[in-house]
Amino acid sequence: MGARLRAIRAAIVTALGLMMAGAHAAPMTPDPTGMWYDPAQPGWGMSLTQQGETIFAVLFVYDANHNPQWFVASNVVDTGQVMNMLVGEVYSGPLYRTTGPAYAVPSDPATLSATPVGTIQIAYVQPTNNISLAYSVNGTTVTKTVQAQTWGSNAAQLAGSFNGAILIGSTMSCQAPAPLQQVSNFTLSQGAAPGTLNVTWGSGIDVGCMMTGTYAQQGQFGTLTGPVMCGPIPNLIANVGTLTITQMTIAPTGFSGYLNYPSPMANGSSCTVGGTIGGVKV
Amino acid sequence: MSPDPTGMWYDPSHPGWGMSVTQQGETMFVALFVYDGSHQPLWFVASPVLDAGRAWQPSDGFSGNPGELYSGTLYQTTGMYFGDEPLPPAMKANAVGMLAMAYTADNPRALSVRYNVGTTAVLKTVQAQTWMPNLAALAGNYTGGVSIHPCACFPEMCDSPISSHTALQLTVTAGSSPSTVQIAWNPGSSTGACRYTATYVQDGQLGALKGSVACDGNSTALPLTVSNLAVSASGFSGVANLPGFCPGSIGGVRVIQ
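Chains as they are written, first to last, in our numbering: chain A, 1 to 282; chain B, 1 to 257.
Since the hints were derived computationally from the structure, they do not count as laboratory data. Honestly, I wouldn't trust all of these hints.
Examples of chain A residues toward chain B, derived with CB under 10 Å [unchecked claim]:
id, residue
1, 108
2, 257
3, 279
If the Cβ cut is set under 10 Å, some of the chain A residues that face chain B in the computed set are [stated by the list, open to error]:
id, residue
4, 34
5, 102
6, 163
7, 252
8, 260
9, 277
Residues of chain A clear of chain B, computed beta-carbon distances all greater than 10 Å [claimed, not checked]:
id, residue
10, 72
11, 79
12, 80
13, 86
14, 90
15, 129
16, 159
17, 195
18, 196
19, 206
20, 223
21, 231
22, 236
23, 239
24, 263
Heads up, the beta-carbon is just placed ideally off N, CA and C, and yes, glycines get one too.
Required output: the full structure, derived from the provided sequences and hints.
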């Protein structure tokens, strides 16, 4: 009996608790933490939670009698392999079906068990932010494309003054305009139109810029896209281009994200310079 | 809900089940993955879970728990077999009860959770499930700030000795032991370069730092803790707590070479 209990406990630990580092230790990027679903098949979902290089995945699905059932994979790690040209780095781990004490009764370790039923694989579909999901349960293989579930907006947390920077890269052949380079100390405020935010900063003595961005939530991340107008304060009339900020991580104390700027070139085409933006709230 | 409860939660005294919480704006999505009376896996979902506009009261379950209450209707759903089927039924959501939760008074990172399925009520205290630190993602160079000042003072008039009202360059490096980290910056005032040496602890999706900060020209090291530390690939930020000052902030955006 003692050996059986130890074996069950070991399985539970493997399934629900302690993690082993994978052979290829790289976190999934962007961080997939959040809820994921298939808009074509509403009703089921997948929870992904990443810490370090390990993802904890829970599948909320239905059994053959259409009743709710869940599977768990607690050690989903980087395989170091890319699926194909369109689907990126694959993260994989064993999938378990567990049993345990009923929710309404005290804990009963004797009822705990974790049975491996297959594997789960996830990978970002390029160039989207969707995830390709493949899992198997006792020989039944399921493949889906899921997208981040979005129901709210973190935009309200963005308002405030920040110590930080707009750090935009430049090369000899692809330059961001001077007002966008090495900006610190900026302010984010509600824009005049619903769903818009203004990012304002000074770019010289009595000279400033303002980005009027449209905010969109996508899962746990935000994006902000809009034109940047610069000039002598308060006449910000020169449009220096459009900034796009992606993968915005927003907390009460600050935010950060990636940006890109399509820069016009002398030959009439454009190039794109990238960088980061963010700061800590004052 | 603050701190952001997004992540996995569990009851160490009742292993095997869990709760997934995901917050966007002011709305949470909560999934309980538990077991039925036959010990088979079963899940419920509560969406939306919102601020109830009142604190947790003794009648909600635990006593002495003043945390703000968040609540929502709990549903049990039925739907299409995961293995697909020719004529899948439409998903149905049946309201079975309510779910309420609040941070506990004695542990700001533990949640009191009460839910009922019909007449069966369940009361638990859960903690954030933690399996790996985000410490490795923290190392790098940042442009950001350290903003700490007395409670009754406008920031630009009276920064703390270690902070600045203008942007700072911060460098985060690994410490002398695997769980320690050093953050260096220069406030640019009468105080010279500051070095914060701290121990990193992961708590669910957030981190925490506890250590001391020493600045050139000041022989006294100051105790500094950082809580609710959110670490991402592009930056970090957290609440900075310096004794004698109001809670402030520390963090920045990553400088990518």
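Evaluated hints:
no. : hint : result
1   : 108  : holds, 9 Å
2   : 257  : holds, 6 Å
3   : 279  : holds, 6 Å
4   : 34   : holds, 6 Å
5   : 102  : holds, 5 Å
6   : 163  : holds, 3 Å
7   : 252  : holds, 6 Å
8   : 260  : violated, 12 Å
9   : 277  : holds, 6 Å
10  : 72   : violated, 7 Å
11  : 79   : holds, 17 Å
12  : 80   : holds, 17 Å
13  : 86   : holds, 22 Å
14  : 90   : holds, 19 Å
15  : 129  : holds, 14 Å
16  : 159  : holds, 13 Å
17  : 195  : holds, 13 Å
18  : 196  : holds, 16 Å
19  : 206  : holds, 18 Å
20  : 223  : holds, 13 Å
21  : 231  : holds, 23 Å
22  : 236  : holds, 22 Å
23  : 239  : holds, 25 Å
24  : 263  : holds, 17 Å
Going through the hint list in order, the structure does not satisfy hints 8, 10.
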